[in-house]
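Visitor: The residues making up each chain are set out below.
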Amino acid sequence: MIYLQLFLSFLQIGMFSFGGGYAAMPLIQGQVVQTHQWMTMSEFTDLITISQMTPGPIAVNSATFVGIKIAGIPGALVATFGCILPSCLIVTVLARLYLRYRKMDMLQGVLGTLRPAVVALIASAGVSILIATFWGSEGIIQPVTVRWHLVAIFLICFWLVWKKKKNPILAMILAGIMNVVWNLLSPLLPIS
Amino acid sequence: MNQLKNKNIKLLRKLFFSTLYLSALTFGGGYVIVTLMKKQFVDELHWIDEEEMLDLVAIAQSSPGAIAVNGAIVVGYKLAGIAGVLTAVLGTVIPPFLIIAAVSVCYQAFRSNQLVAWMLEGMQSGVGAVIASVTFEMASGIVKERNTISLLIMAAAFAASVIWQINTVYIILACGLLGILITFSKRRMKS
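Chains as they are written, first to last, in the working numbering: chain A, 1 to 192; chain B, 1 to 191.
Chain A extracted, bound-state conformation (with noise of 0.2 Å):
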């Protein structure tokens, strides 16, 4: 049962994520987070993290990990299978359709309407990920409980990745870096 589960999951992540990489994030969460709760917040944004510092697709990955954290390798052979499913038929079908008549003037019209979509949904996983971050994920939205050096990690790195360019996998290193200086520093700091 467990694996037909994860294989319609899967399924449906791998159907519906269009645009890629980040498109498919928000699918990912709400499948595995939200509907079957086979992860935490934030296992997920670990699970994203590691995604970023590793080779290949993060709907693969995700398969893969979920797939060996719910039911071992036969798990992940089954999650992975079920998301690469949708992507072998519908995409060899457009490549034979295109070798044949070659334009698409609809597939380009449904394009049109999905990407600004794509885009809402990016920013919506962004500020789970985000809220799952500054206030941890067992803790209450309150101004209070923001952890504000998390924030301050968060300014830094937005800023070398956005307006310096700087190579986000550099900027997702050095931010790591930056917290354990920081929490092995802030004992020692009269403020706290």
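Calculated from the structure, these hints are not laboratory results. Take these hints with a grain of salt, some might be off.
To be verified - Listed next, the stretches of chain B that the computed footprint assigns to chain A, with coverage defined by at least 3 CB atoms under 8 Å from CB atoms of chain A: (1) 78–86; (2) 94–106.
Unchecked claim - One side of the interface only, derived from the structure: several residues of chain B facing chain A at Cβ under 7 Å: (3) 74; (4) 109; (5) 128; (6) 129; (7) 138.
In this text, a Cβ means the ideal position worked out from N, Cα and C, and glycines have one as well.
Starting from the known structure of chain A, arrange chain B on it as the hints suggest.
Guide: Frame of chain A, contents of chain B only:
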């Protein structure tokens, strides 16, 4: 006949190792791997011509699913039909599968180490920043188009997801349907 079969197996083997190697060594998501695929299959191996590759990449990018996997499918299909698709997909999926399987085995031990936990916690902030930056880049591209429908869709989809917590699948389906309707009405206006 035998010679043809031999040639085919050689092609599939080359395709498998090309995709395996690209997938194992490509950091930074689908758009990067598609560019590298173009370099490998168009510029180096001369298996596909430039223009056709661009169209195939467009298909890969506009279909649902991971762009790296889709890219492997179009290239595989173009080169060797269904056998090519299976070979290329296998080559693309094996490296991330093995890497993540290895990571997930160590994850618990890894996570309970205090230094690692701090590192991951800080990196979450970094991921948030990367996502924010990607979102701003994409959103400003859409704002620059000055298309009212796009802006409305973007705002509505954000509200639907963040405020009303509507399932992402429904939002995508609704927007796709809207796209079909708009295309039909444009066709009617033209004729």
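Visitor: Have a go at the residue 74(B) hint: is there a Cβ in chain A nearer than 7 Å to its own Cβ?
Guide: Cβ of residue 74(B) sits 5 Å from chain A, so the hint holds.
Visitor: Quick check: do three or more residues in the segment 78–86 of chain B have a beta carbon closer than 8 Å to a beta carbon of chain A?
Guide: Result for this restraint: holds, n = 3.
Visitor: Was the hint right that residue 129(B) lines chain A, CB cutoff 7 Å?
Guide: holds (3 Å)
Visitor: Are residue 128(B) and chain A close enough, Cβ to Cβ, to be under 7 Å, as the hint says?
Guide: Holds, about 5 Å.
Visitor: Against chain A, with CB atoms and a cut of 7 Å, does the hint on residue 109(B) hold up?
Guide: violated (14 Å)
Visitor: Double-check residue 138(B) for me: the hint is only fine if its C-beta lies closer than 7 Å to a C-beta in chain A.
Guide: Constraint on residue 138(B) satisfied, holds at 5 Å.
Visitor: At least three residues with a C-beta closer than 8 Å to a C-beta of chain A: is that true for the segment 94–106 of chain B?
Guide: Three-residue rule met by the segment 94–106 of chain B, so holds; n is 9.
Taken one by one, the earlier hints fail for this structure only at number 4.
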